[in-house]
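Visitor: Letter by letter, the chains look like this.
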Amino acid sequence: MNTPIAIELDKLTKRFGDFIAVDAITFKVKKGEIFGFLGANGAGKTTAIKMLIGLSKPTEGMGKVAGFNVDTEPEKIKKNIGYMSQKFSLYDDLTVVENIQFYGGIYGLSREKIKEKTTEILEELELTEVSKSLVISLPLGWKQRLAFAISMVHDPEIVFLDEPTGGVDPRVRRQFWETIYQVAEKGRTVFVTTHYMDEAEYCDRVSIMVAGKIEALDTPHNLKQQFEATSMDEVFLKLAR
Amino acid sequence: MDAITVEHITKKYGGVLALNDVSFTVGKGELFGLIGPDGAGKSTLFRILTTLLLADKGKGTVAGHPIVNEYKEIRKKVGYMPGRFSLYQDLSIEENLSFFATIFGTTVEDNYDLIKDIYVQIEPFKKRLAGKLSGGMKQKLALCCALIHKPEVLFLDEPTTGVDAVSRVEFWDMLKKLKTKGIAILVSTPYMDEATLCDRIALIQNGEILKINSPQQMISNFEKPLFSINSTETYRLLNYLRVQNFTESVLPFGENLHLITNKPYEVSQIEHHLKISGFSDSTAKTIQPTVEDIFLDVSQPVN
Chain A
1 MNTPIAIELD KLTKRFGDFI AVDAITFKVK KGEIFGFLGA NGAGKTTAIK
51 MLIGLSKPTE GMGKVAGFNV DTEPEKIKKN IGYMSQKFSL YDDLTVVENI
101 QFYGGIYGLS REKIKEKTTE ILEELELTEV SKSLVISLPL GWKQRLAFAI
151 SMVHDPEIVF LDEPTGGVDP RVRRQFWETI YQVAEKGRTV FVTTHYMDEA
201 EYCDRVSIMV AGKIEALDTP HNLKQQFEAT SMDEVFLKLA R
Chain B
1 MDAITVEHIT KKYGGVLALN DVSFTVGKGE LFGLIGPDGA GKSTLFRILT
51 TLLLADKGKG TVAGHPIVNE YKEIRKKVGY MPGRFSLYQD LSIEENLSFF
101 ATIFGTTVED NYDLIKDIYV QIEPFKKRLA GKLSGGMKQK LALCCALIHK
151 PEVLFLDEPT TGVDAVSRVE FWDMLKKLKT KGIAILVSTP YMDEATLCDR
201 IALIQNGEIL KINSPQQMIS NFEKPLFSIN STETYRLLNY LRVQNFTESV
251 LPFGENLHLI TNKPYEVSQI EHHLKISGFS DSTAKTIQPT VEDIFLDVSQ
301 PVN
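Protein chains in written order, with UniProt numbering: chain A, 1 to 241; chain B, 1 to 303.
Worth flagging that the hints you see were computed from the coordinates, not collected in a lab.
Incorrect hints may appear among the rest.
What the hints assert, rightly or not - Here are the simulated DSBU-like pairs of lysine-lysine, each with C-alpha atoms no more than 35 Å apart in a straight line:
hint	chain 1	residue 1	chain 2	residue 2
1	B	Lys126	A	Lys143
2	A	Lys213	B	Lys132
3	A	Lys30	B	Lys275
4	A	Lys213	B	Lys127
5	A	Lys31	B	Lys132
6	B	Lys285	A	Lys238
7	A	Lys11	B	Lys132
8	A	Lys238	B	Lys116
9	B	Lys176	A	Lys238
10	A	Lys57	B	Lys138
11	A	Lys143	B	Lys116
12	A	Lys132	B	Lys12
13	B	Lys224	A	Lys224
14	B	Lys211	A	Lys238
15	A	Lys143	B	Lys211
16	A	Lys143	B	Lys138
17	A	Lys31	B	Lys285
18	B	Lys138	A	Lys213
19	A	Lys224	B	Lys211
20	B	Lys285	A	Lys28
21	B	Lys275	A	Lys186
22	A	Lys238	B	Lys179
23	B	Lys132	A	Lys78
24	A	Lys238	B	Lys263
25	A	Lys143	B	Lys132
26	B	Lys132	A	Lys238
27	B	Lys263	A	Lys224
28	B	Lys138	A	Lys224
29	A	Lys224	B	Lys179
30	B	Lys285	A	Lys186
31	A	Lys224	B	Lys126
32	B	Lys116	A	Lys50
33	A	Lys213	B	Lys126
34	A	Lys238	B	Lys126
35	A	Lys224	B	Lys285
36	A	Lys238	B	Lys12
37	A	Lys64	A	Lys132
So that you can see chain A by itself, here it is in the shape it has in the complex:
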């Protein structure tokens, strides 16, 4: 009995001229897993993610995301994944409802479906009272959860979170991770990149990329044992220094 696989990479490689940005990375992510993708700046994380979300073609190797080939079916991948980043997510000068409707439209949802989704998101996040407020007026924690919900407005199998928690209020951050747990529990795969090592400890498994290669991949618990470290921060320092 095999667990369904959400992401499968086999020696996925990206070269820019002589420079190997991503060097034959191989791993699998299970359906419903929270997978942390870590690496220092310049390690090749962004290049790898661009290939996974269908924005950049691999030079060599194979990659499948949500069952589609990253090389030959990038458009299908884009329709079947969600993406949220700290830098770009919501329109501050649109209301909560307008943001939901806008993204629903972008993903080509029907009018009825958008209506249904709007009600669902507002109720689930308890945002009904502020549905007509501009997003800019919401507290950071609400904005983050709204952006997360909107990134899944088209019910993707996998959602990519690119540095999702820029703000570092310890409570806001925990609230957000709870939302991530909820989503994963429903069987959706969550792929998270972050450079905050303490956040890595919330993931089911994490990979650490150094100079284009995956240098470590396991549960946070096992990695800490393997590197005789008390925190993921220490694991990372031992690998990256």
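Please arrange chain B on chain A, whose structure you already have, making use of the hints.
Guide: Same frame as chain A, but now just chain B:
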């Protein structure tokens, strides 16, 4: 004489109370940390102490000078590294440094020994424009520029925000060295794990200081029963614990949950309870709090 004194400082922006009756002192050669999330009031306090902003109420001194009446003296004696990178992006590393030295009427050579340890790390790139540097290098250059006139007091507003883990460690090593030269350092950070690197810390939220002490004292003064619990079903266990009578608070901490109970229990009691409640693989242990546990305990819930 204290390097910094702050007495009952209050500042409002419109209706928002940015700082509410804040008081503390920083000694000579002390590394003092202001620890709190975005919007806590950290930057406002820095601006007031560096004489860039007037407080509504309260008073303070920096390097022995009152912050309002003798602001000119203070400006000569402090180094300030604002949260936002504010060097000249279109000047090179060495041009920025000599610019700041000249402004303060000194030369790079005169004070080279103070910045040497830091500057040698970026010297190989001294012709490179500041705008083209990596985050870690920008931060090192900014620190050099803040030190070039041999300040008595150094203000560092979130120097490690957005900087990767390796550069963060290097940066704190540098601060430790500066301290030994008698410079008082007020540093702010949103990273709770950096708190233990300071001599004393103030936990700050919504413009109010929640606690001041050395991190070690803060940790040993914590009296509530605190457990770390590990389970393969973290999320289900979190929801379960949240509604139990014995729970004062339960929060996720990476792969574990941290549980504060409202009266003391043995680890075996907790484990037994979890086993008979359907969490057979869970393990518990008593732990010392981290600064983050303490912050979460004394701070207000969001929303």
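Visitor: Now, for every hint given, state plainly whether the structure supports it.
Guide: Here is how each hint holds up against the structure:
A hinted pair counts as satisfied when its Cα atoms are at most 35 Å apart, and lysine 126 (chain B) with lysine 143 (chain A) does not qualify at roughly 41 Å. A hinted pair counts as satisfied when its Cα atoms are at most 35 Å apart, and lysine 213 (chain A) with lysine 132 (chain B) qualifies at roughly 26 Å. A threshold of 35 Å between alpha carbons decides the hint, and for lysine 30 (chain A) with lysine 275 (chain B) the separation of about 28 Å falls inside it, so the pair holds. Under the criterion of a C-alpha separation no larger than 35 Å, the hint pairing lysine 213 (chain A) with lysine 127 (chain B) is consistent with the structure, at around 32 Å.
A distance of roughly 41 Å separates the Cα atoms of lysine 31 (chain A) and lysine 132 (chain B); the hinted pair therefore is violated under the 35 Å criterion. Between the alpha carbons of lysine 285 (chain B) and lysine 238 (chain A) the distance comes to roughly 27 Å, so the proposed pair stays at or under 35 Å and holds. As the CA atoms of lysine 11 (chain A) and lysine 132 (chain B) are separated by approximately 33 Å, the hinted pair is consistent with the 35 Å bound. This hinted pair checks out: lysine 238 (chain A) and lysine 116 (chain B) have alpha carbons roughly 27 Å apart, not beyond 35 Å.
Restraint check for lysine 176 (chain B) and lysine 238 (chain A): satisfied, since their Cα atoms lie roughly 22 Å apart, inside the 35 Å limit. For the hint linking lysine 57 (chain A) to lysine 138 (chain B), the alpha-carbon distance of about 33 Å falls within 35 Å, and the restraint holds. Between lysine 143 (chain A) and lysine 116 (chain B), the direct Cα distance comes to roughly 44 Å. Violation of the 35 Å bound is thereby established for this hinted pair. Restraint check for lysine 132 (chain A) and lysine 12 (chain B): satisfied, since their Cα atoms lie roughly 29 Å apart, inside the 35 Å limit.
A hinted pair counts as satisfied when its Cα atoms are at most 35 Å apart, and lysine 224 (chain B) with lysine 224 (chain A) qualifies at roughly 28 Å. Between lysine 211 (chain B) and lysine 238 (chain A) the alpha-carbon distance is near 34 Å, which keeps this suggested pair within the 35 Å criterion. Taken as a hint, the lysine 143 (chain A) and lysine 211 (chain B) pair is honoured in the structure, with Cα atoms around 29 Å apart against an allowance of 35 Å. For the hint linking lysine 143 (chain A) to lysine 138 (chain B), the alpha-carbon distance of about 30 Å falls within 35 Å, and the restraint holds.
Distance check on the hinted pair: lysine 31 (chain A) and lysine 285 (chain B) sit about 31 Å apart at the alpha-carbon level, within 35 Å; holds. With a CA separation close to 27 Å, the supplied pair lysine 138 (chain B) and lysine 213 (chain A) stays within the 35 Å bound. This hinted pair checks out: lysine 224 (chain A) and lysine 211 (chain B) have alpha carbons roughly 32 Å apart, not beyond 35 Å. Distance check on the hinted pair: lysine 285 (chain B) and lysine 28 (chain A) sit about 33 Å apart at the alpha-carbon level, within 35 Å; holds.
Proximity of lysine 275 (chain B) to lysine 186 (chain A) is assessed by CA-CA distance (about 25 Å); at most 35 Å being required, the pair is judged to hold. Between the alpha carbons of lysine 238 (chain A) and lysine 179 (chain B) the distance comes to roughly 27 Å, so the proposed pair stays at or under 35 Å and holds. Between lysine 132 (chain B) and lysine 78 (chain A) the CA atoms are separated by roughly 33 Å; this keeps the pair inside 35 Å, and the hint holds. Restraint check for lysine 238 (chain A) and lysine 263 (chain B): not satisfied, since their Cα atoms lie roughly 40 Å apart, outside the 35 Å limit.
A threshold of 35 Å between alpha carbons decides the hint, and for lysine 143 (chain A) with lysine 132 (chain B) the separation of about 32 Å falls inside it, so the pair holds. With a C-alpha separation of about 28 Å, the suggested pairing of lysine 132 (chain B) with lysine 238 (chain A) holds against the 35 Å cut-off. About 32 Å separates the Cα atoms of lysine 263 (chain B) and lysine 224 (chain A), which keeps this hinted pair within 35 Å; it holds. With a CA separation close to 31 Å, the supplied pair lysine 138 (chain B) and lysine 224 (chain A) stays within the 35 Å bound.
A threshold of 35 Å between alpha carbons decides the hint, and for lysine 224 (chain A) with lysine 179 (chain B) the separation of about 32 Å falls inside it, so the pair holds. Taken as a hint, the lysine 285 (chain B) and lysine 186 (chain A) pair is honoured in the structure, with Cα atoms around 30 Å apart against an allowance of 35 Å. Pair hint lysine 224 (chain A) plus lysine 126 (chain B) does not hold up; C-alpha atoms about 39 Å apart against a cutoff of 35 Å. For a cut-off of 35 Å, the pair hint linking lysine 116 (chain B) to lysine 50 (chain A) is broken: about 41 Å separates their Cα positions.
The straight-line distance between the Cα atoms of lysine 213 (chain A) and lysine 126 (chain B) is roughly 31 Å, inside the 35 Å bound, and the hint therefore holds. Only pairs whose Cα atoms come within 35 Å are accepted, and lysine 238 (chain A) paired with lysine 126 (chain B) is accepted, the gap being roughly 29 Å. Between the alpha carbons of lysine 224 (chain A) and lysine 285 (chain B) the distance comes to roughly 18 Å, so the proposed pair stays at or under 35 Å and holds. Among the hinted pairs, lysine 238 (chain A) with lysine 12 (chain B) is inconsistent with the structure: their alpha-carbon atoms are about 45 Å apart, more than 35 Å.
Simply put, lysine 64 (chain A) and lysine 132 (chain A) have alpha-carbon atoms about 40 Å apart, too far for the 35 Å limit, and the pair is violated.
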